[in-house]
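Turn these sequences into a full structure, and let the hints guide you.
Those sequence lines, one after another, are chains A and B.
Read left to right, the first sequence gives residues 1 to 63 (our numbering).
Read left to right, the second sequence gives residues 1 to 138 (our numbering).
None of these hints come from the bench; they were simulated from the model.
Certain hints may be false.
[To be verified] With a cut-off of at most 16 Å between alpha-carbon atoms, the simulated EDC-like pairs for lysine to aspartate or glutamate come out as follows:
(1) A:K37 x B:E75
(2) B:K79 x A:D39
(3) A:K37 x B:D83
(4) A:K37 x A:D63
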Amino acid sequence: MRNRIASLRADRGLTQAALAQRIEVSRQTINAIETGKFDPSLPVAFRLAREFDLAIEEIFLAD
Amino acid sequence: MASEQSSGAARQWSATGWLFAWTLAWLVSLAVARFGPELVWGENAIAGWIAVGANLAVGVGWIIAFRRYLRSIDELQRKIQQDALGITLGIGWIVGFASFVAADAGLLPGGGLDVAVFTAGLGLVYLLAVGIGMVRYR
Numbered sequence: 001m002r003n004r005i006a007s008l009r010a011d012r013g014l015t016q017a018a019l020a021q022r023i024e025v026s027r028q029t030i031n032a033i034e035t036g037k038f039d040p041s042l043p044v045a046f047r048l049a050r051e052f053d054l055a056i057e058e059i060f061l062a063d
Numbered sequence: 001m002a003s004e005q006s007s008g009a010a011r012q013w014s015a016t017g018w019l020f021a022w023t024l025a026w027l028v029s030l031a032v033a034r035f036g037p038e039l040v041w042g043e044n045a046i047a048g049w050i051a052v053g054a055n056l057a058v059g060v061g062w063i064i065a066f067r068r069y070l071r072s073i074d075e076l077q078r079k080i081q082q083d084a085l086g087i088t089l090g091i092g093w094i095v096g097f098a099s100f101v102a103a104d105a106g107l108l109p110g111g112g113l114d115v116a117v118f119t120a121g122l123g124l125v126y127l128l129a130v131g132i133g134m135v136r137y138r
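Structure below.
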């Protein structure tokens, strides 16, 4: 699954660590999600969607 | 939100500390049960059973501490732990049973795996698997 988190985060001037703190996960988790190594759970996907004020399907894209 | 995050981090540190303490306690109780008969109480069966019972009781505490630790970490860390535990359990199961079979068949001159070597080996496998997971998802 692909995602737009890196670009959305850059648009808002957030570091991985800052986003991780807001989403209540580790920086390593944000990095792994951004690089496509790890797909987040639904609760984390919802928190990301809420953070970026977008729908989940606008952030995560099926391969 | 900030206080929730700091309480989450504090909870994780606390759970990690307790896990470390219980791991250490279990290792000490295992060493006491294993070496006590040779070094301290000789052939006193009651002392031996008390040491084994203490090792089992501390083991239950260790399991509870590990469960709390797993609940305190985030989902990627939990996946890394899950993969490492799966590898450790698999290797322990396979090597353990192979050792039992080989010992029963009289193929092992020393009478099978030494419990201290087996425990240390599984600990190393677990640590290595966690390290590989951390690098993999870096």
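Checklist entry - Hints broken by the structure, by number, lowest first? => result none
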